[in-house]
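Chains as they are written, first to last, in the working numbering: chain D, 474 to 586; chain Z, -19 to 91.
No lab work stands behind these hints: they were computed from the structure.
The beta carbon of each residue, even a glycine, is placed where N, CA and C say it ideally should be.
Treat the hints with care, since some could be wrong.
As the list claims (entries may be wrong) - Distance windows between CB atoms, simulated:
1. Z:Thr49 / D:Pro569: 28 to 34 Å
2. Z:Pro91 / D:Ser531: 41 to 47 Å
3. Z:Arg41 / D:Ser550: 38 to 44 Å
Stated by the list, open to error - Dumping the calculated DMTMM-like pairs for lysine to aspartate or glutamate here, alpha-carbon to alpha-carbon at most 25 Å:
4. Z:Lys51 / D:Glu495
5. Z:Lys17 / D:Glu499
6. Z:Lys83 / D:Glu532
7. Z:Lys22 / D:Glu574
8. Z:Lys83 / D:Glu499
9. Z:Lys38 / D:Glu499
10. Z:Lys37 / D:Glu574
11. Z:Lys37 / D:Glu532
12. Z:Lys51 / D:Glu499
13. Z:Lys2 / D:Asp558
14. Z:Lys48 / D:Asp544
15. Z:Lys17 / D:Glu574
16. Z:Lys83 / D:Glu574
17. Z:Lys51 / D:Asp558
18. Z:Lys51 / D:Glu574
19. Z:Lys48 / Z:Glu(-5)
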Amino acid sequence: SQTIHQWPATLVQPVGSPLSLECTVEGTSNPNLYWYRQAAGRGLQLLFYSVGIGQISSEVPQNLSASRPQDRQFILSSKKLLLSDSGFYLCAHQGPGGNTEAFFGQGTRLTVV
Amino acid sequence: GENVEQHPSTLSVQEGDSAVIKCTYSDSASNYFPWYKQELGKGPQLIIDIRSNVGEKKDQRIAVTLNKTAKHFSLHITETQPEDSAVYFCAAGYGNNRLAFGKGNQVVVIP
């Protein structure tokens, strides 16, 4: 069965510090991978998606970056966090064809102080 | 891109009554419309989805209807139970590999 692991569950970081959130997928090959941010009352905002190793597309300009070093690994990073980067970050995967069920991780609650 | 609007933002219903959440979308090329349920502190989970070649789909107490001409789709929950309390998101597929989500609807089922 397909599973998606995302860690850590919660994170408190000072302004200006770096960030690295990791997501790994099991039970599927060549998935489409996604990073979303969920702010209160604003739904799920797509930040990055990847259709293959090393292929990253950004939906919105921001202080974050993403990388996909392996087929089932997706990393969200920042060199210097801003207060506005606080939020609930969700990793997700879909089948390679798209337009199929998206499976979400349990999320990371990031608080920048 | 695709723009999905979801209404209402909050909905309170008495246990046993029905709940309806409506969504509209902008991209007429979209053909995949899933609904997700998110419980507190967890990631969203798919509860039902519909493709543009059908107008309605049911799964026990949950149903989704789609009107492609009007570009809107709705989630119907019948005989609501306390465990139905959660945030519900609609979404529309676009670009063949992305989903645009609505802002979510907080459903509260009052025992």
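Comparing the hints with the structure gives:
1. Z:Thr49 / D:Pro569: 28 to 34 Å: With a Cβ separation near 31 Å, Thr49 of chain Z and Pro569 of chain D satisfy 28 to 34 Å, so the hint holds.
2. Z:Pro91 / D:Ser531: 41 to 47 Å: holds (45 Å)
3. Z:Arg41 / D:Ser550: 38 to 44 Å: holds (42 Å)
4. Z:Lys51 / D:Glu495: Given that 25 Å is the threshold and the Cα spacing comes to 37 Å, the pair is violated.
5. Z:Lys17 / D:Glu499: holds (22 Å)
6. Z:Lys83 / D:Glu532: At roughly 17 Å apart (the allowed maximum being 25 Å), Glu532 of chain D and Lys83 of chain Z satisfy the hint.
7. Z:Lys22 / D:Glu574: Holds: Lys22 of chain Z and Glu574 of chain D sit about 17 Å apart, inside 25 Å.
8. Z:Lys83 / D:Glu499: With Cα atoms ~29 Å apart, Lys83 of chain Z and Glu499 of chain D exceed 25 Å; violated.
9. Z:Lys38 / D:Glu499: With a Cα-Cα distance of about 30 Å, the restraint between Lys38 of chain Z and Glu499 of chain D is violated, given a limit of 25 Å.
10. Z:Lys37 / D:Glu574: Given pair Lys37 of chain Z, Glu574 of chain D holds - Cα atoms ~16 Å apart, limit 25 Å.
11. Z:Lys37 / D:Glu532: Violated, at roughly 31 Å.
12. Z:Lys51 / D:Glu499: violated (35 Å)
13. Z:Lys2 / D:Asp558: violated (30 Å)
14. Z:Lys48 / D:Asp544: Violated - the C-alpha atoms of Asp544 of chain D and Lys48 of chain Z are around 36 Å apart, more than 25 Å.
15. Z:Lys17 / D:Glu574: OK: Lys17 of chain Z and Glu574 of chain D at ~13 Å, within 25 Å.
16. Z:Lys83 / D:Glu574: holds (19 Å)
17. Z:Lys51 / D:Asp558: violated (33 Å)
18. Z:Lys51 / D:Glu574: holds (21 Å)
19. Z:Lys48 / Z:Glu(-5): violated (31 Å)
Checked against the numbered hints given earlier, the structure breaks hints 4, 8, 9, 11, 12, 13, 14, 17 and 19 and satisfies all the rest.
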